[in-house]
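Trainee: For reference, the chains in residue letters:
2 protein chains.
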Amino acid sequence: MTIFNFAAGPAVLPHEVLEQAREELLDWRGTGMSVMEMSHRGKEFMGIAAEAHADLRELMAIPENYKVLFLQGGATMQFSMVPLNLLRGKLSADYVNTGIWSKKAIDEAKKLCYVNEVASSADKSFSYAPGFAQWKLDKEAAYVHYTPNETIGGVEFNWVPDTGKVPLVADMSSNILSRPCDVTQFGLIYAGAQKNIGPAGVTLVIVREDLIGHAPAGLPTMLDYKTHADNDSMYNTPPTYGIYMAGLVFKWLKKNGGVAQMEKTNIAKARLLYGVIDASDGFYTCPVAKADRSRMNVPFRTRDAALDAEFLKQADARGLLQLKGHKLAGGMRASIYNAMPLAGVQALADFMGEFARSKG
Amino acid sequence: MTIFNFAAGPAVLPHEVLEQAREELLDWRGTGMSVMEMSHRGKEFMGIAAEAHADLRELMAIPENYKVLFLQGGATMQFSMVPLNLLRGKLSADYVNTGIWSKKAIDEAKKLCYVNEVASSADKSFSYAPGFAQWKLDKEAAYVHYTPNETIGGVEFNWVPDTGKVPLVADMSSNILSRPCDVTQFGLIYAGAQKNIGPAGVTLVIVREDLIGHAPAGLPTMLDYKTHADNDSMYNTPPTYGIYMAGLVFKWLKKNGGVAQMEKTNIAKARLLYGVIDASDGFYTCPVAKADRSRMNVPFRTRDAALDAEFLKQADARGLLQLKGHKLAGGMRASIYNAMPLAGVQALADFMGEFARSKG
Chain A
132 MTIFNFAAGP
142 AVLPHEVLEQ
152 AREELLDWRG
162 TGMSVMEMSH
172 RGKEFMGIAA
182 EAHADLRELM
192 AIPENYKVLF
202 LQGGATMQFS
212 MVPLNLLRGK
222 LSADYVNTGI
232 WSKKAIDEAK
242 KLCYVNEVAS
252 SADKSFSYAP
262 GFAQWKLDKE
272 AAYVHYTPNE
282 TIGGVEFNWV
292 PDTGKVPLVA
302 DMSSNILSRP
312 CDVTQFGLIY
322 AGAQKNIGPA
332 GVTLVIVRED
342 LIGHAPAGLP
352 TMLDYKTHAD
362 NDSMYNTPPT
372 YGIYMAGLVF
382 KWLKKNGGVA
392 QMEKTNIAKA
402 RLLYGVIDAS
412 DGFYTCPVAK
422 ADRSRMNVPF
432 RTRDAALDAE
442 FLKQADARGL
452 LQLKGHKLAG
462 GMRASIYNAM
472 PLAGVQALAD
482 FMGEFARSKG
Chain B
132 MTIFNFAAGP
142 AVLPHEVLEQ
152 AREELLDWRG
162 TGMSVMEMSH
172 RGKEFMGIAA
182 EAHADLRELM
192 AIPENYKVLF
202 LQGGATMQFS
212 MVPLNLLRGK
222 LSADYVNTGI
232 WSKKAIDEAK
242 KLCYVNEVAS
252 SADKSFSYAP
262 GFAQWKLDKE
272 AAYVHYTPNE
282 TIGGVEFNWV
292 PDTGKVPLVA
302 DMSSNILSRP
312 CDVTQFGLIY
322 AGAQKNIGPA
332 GVTLVIVRED
342 LIGHAPAGLP
352 TMLDYKTHAD
362 NDSMYNTPPT
372 YGIYMAGLVF
382 KWLKKNGGVA
392 QMEKTNIAKA
402 RLLYGVIDAS
412 DGFYTCPVAK
422 ADRSRMNVPF
432 RTRDAALDAE
442 FLKQADARGL
452 LQLKGHKLAG
462 GMRASIYNAM
472 PLAGVQALAD
482 FMGEFARSKG
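The listed protein sequences correspond, in order, to chains A and B. According to my numbering, the first sequence is numbered sequentially starting from 132. According to my numbering, the second sequence is numbered sequentially starting from 132.
Certain hints may be false.
Identical chains blur together in the list; that is why a pair holds if it fits in one copy or across any two.
[Unchecked claim] List of simulated lysine to any residue pairs, SDA-like, C-alpha gap at most 20 angstroms: (1) Lys421 to Leu218; (2) Lys444 to Gly295; (3) Lys242 to Pro347; (4) Lys458 to Arg434; (5) Lys241 to Asp355; (6) Lys490 to Ala480; (7) Lys421 to Ala401; (8) Lys234 to Leu218; (9) Lys242 to Gly173; (10) Lys242 to Asp355.
By construction, these hints were calculated from the structure, which means they are not laboratory data.
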């Protein structure tokens, strides 16, 4: 049975990428070694890492005055590393609160500085992206942090705020590389790899050079961006196989039209699912304001938990997997990252239509 | 050509493990998913992680009052996490300095506490393991830290110190699972995976429960062992594929006689190489005191750098790869972890003999 995996992350990877990984698993290009067995300081892996860097720079048109770092610890580690490195002697930072992931970032930052919650969608259960006119920004803030796509809530910003001279920091874990992005609008972008980049265990950080080198004295070496920037992310042993896999995904993106083409397909995929929801006469509901609906994570539910459970059971039997919503959200969630083919989304849309007709 | 990979880490993995990984890469046991694509909270990956934990506990006979954590950031991150978590209000910790890796641990600890260097082999260029009678231990120290095997220097402790009530902490990155080890002698053991466990990007921590939960208020959540202990190492997305690979290595170890059998083979492997060195009439030299020679990392050199370079070139042509010594040490180094077969060591020993005869 063909299966389609709608997991929120770790998530589906491009089939061709996995096939290449299998092909090369025991012997990378005649070296007799698996990539997993290569010294990170050897010419083979150094080449793999350099290509991954160059391809990502090309895909995102990353300017020369930005460093690209491949770290460990996930976005959660970045929740701390961002304030530790970017406060630069300042006492407060601005945070936008749009749901569970921004709240986690806020809670970690509160351990290290005063957090000014400059905008929030808490008033409507985190179901929308607060308009920029409502953001009460502080010109003295060390930086402004927001979450362009809330993986659990399914809320995505369709615009990038202009925070002037205050550096903008974005947790792009769940929508990086899914749409064009002007890196120059950001001071720092971070993303866990396990949604649109590759396997779990790699964390991407793109940071403007002038924001590096301001960590307080005594900070553990591993928590200082400067350590990793000065050593091309090889201060200690990096997660080599994850970087290799990310590199294969970058090649796949380039071969398939890059980020611009991804956006077109992602819009088409999202329209299919929201189309079924909106045409279902209330059988399916999505809690998110239409203008702010995520192209990556589509949360929806039926009228009650019992029917949701039946939906999930039938979906599973058809090979439409991992559609259960996050435990804090309930219902269903379809994560449709770059690697989810249109055919998978079509199969889900078809099933949703059938299920609604059979139960409606 | 059969190759043998003597890299110090990332290092050779068991051939059967890589073959199984290839076999399962696109479809893990009929799920239609790669392990890399599985939600870390799904039943499939939860099962994989639970088995890896159980197998490691069995292999090392880890008592119930110890937690096993699979973290990220390598041993280098542990150089900071150990003092951050284990100081427990105390002001100093005892460190044994036996070379480059213990020095790195000391330098990080010095950012966080007073470091009492209780023993050192600096007087003889870090070529031996200081006898326990020379350790000037402080009964008030928060813990005693040492490096049972110096990966670069090739010095290994053949005994475990008895530090009484002061917890003993060991960086076992390069000799864990290579010989039996009584976990109850330690308060905390840590190890980067990329030598004897699996691919880079996973860090193993085995910690006695009473040492968990003493982190200072305000510590970033990710740096607190309690976070990971309370959440079975799934507070955030773990490096899932690396944990899967480690699990396969644990199964391979169990199938091949466990740690006791590994030790026997490792002794035989080490004897082969040191035997050639000692019988070479000074053509090859190893700087390490005989009693403290590492079974895992065998450093040696010829009379000059030009001859070393020729050795490396000829070795490479024969498929004896990655034998170059660390840049700080020079010469050669053969890393012969569990996954290096006796045949590989025999091939190297044969070549060393031939090379010596041709140049002697």
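Trainee: A separate judgement is required for each hint: does it hold in the structure or not?
Mentor: Hint by hint, here is what the structure shows:
When the C-alpha separation of Lys421 and Leu218 is checked against a cutoff of 20 angstroms, the pair qualifies neither within a copy, at 35 angstroms, nor between copies, at 52 angstroms. Taking identical chains as interchangeable, the C-alpha atoms of Lys444 and Gly295 are never at most 20 angstroms apart, the minima being 49 angstroms within one chain and 56 angstroms between chains. Proximity of Lys242 and Pro347 under a CA criterion of 20 angstroms is satisfied in both settings, with 15 angstroms inside one chain copy and 11 angstroms between copies. In this homomeric assembly, Lys458 and Arg434 come within 20 angstroms of each other (Cα to Cα) only inside a single copy, at 17 angstroms, whereas the closest approach across copies is 65 angstroms.
Taking the shortest Cα distances, Lys241 and Asp355 sit within 20 angstroms of each other both inside one copy (19 angstroms) and across copies (16 angstroms). Taking the shortest alpha-carbon separations for Lys490 and Ala480, only the intra-copy value of 15 angstroms comes in at or below 20 angstroms, while the best inter-copy value is 73 angstroms. For the identical chains of this complex, Lys421 and Ala401 are intra-copy neighbours only, at 12 angstroms inside a copy versus 67 angstroms across copies, given an alpha-carbon limit of 20 angstroms. In this assembly of identical chains, the alpha carbons of Lys234 and Leu218 lie at most 20 angstroms apart only when taken from the same copy (19 angstroms versus 30 angstroms across copies).
In this homomeric assembly, Lys242 and Gly173 never come within 20 angstroms of each other (Cα to Cα): the closest approach is 40 angstroms inside a single copy and 31 angstroms across copies. Taking the shortest Cα distances, Lys242 and Asp355 sit within 20 angstroms of each other both inside one copy (17 angstroms) and across copies (13 angstroms).
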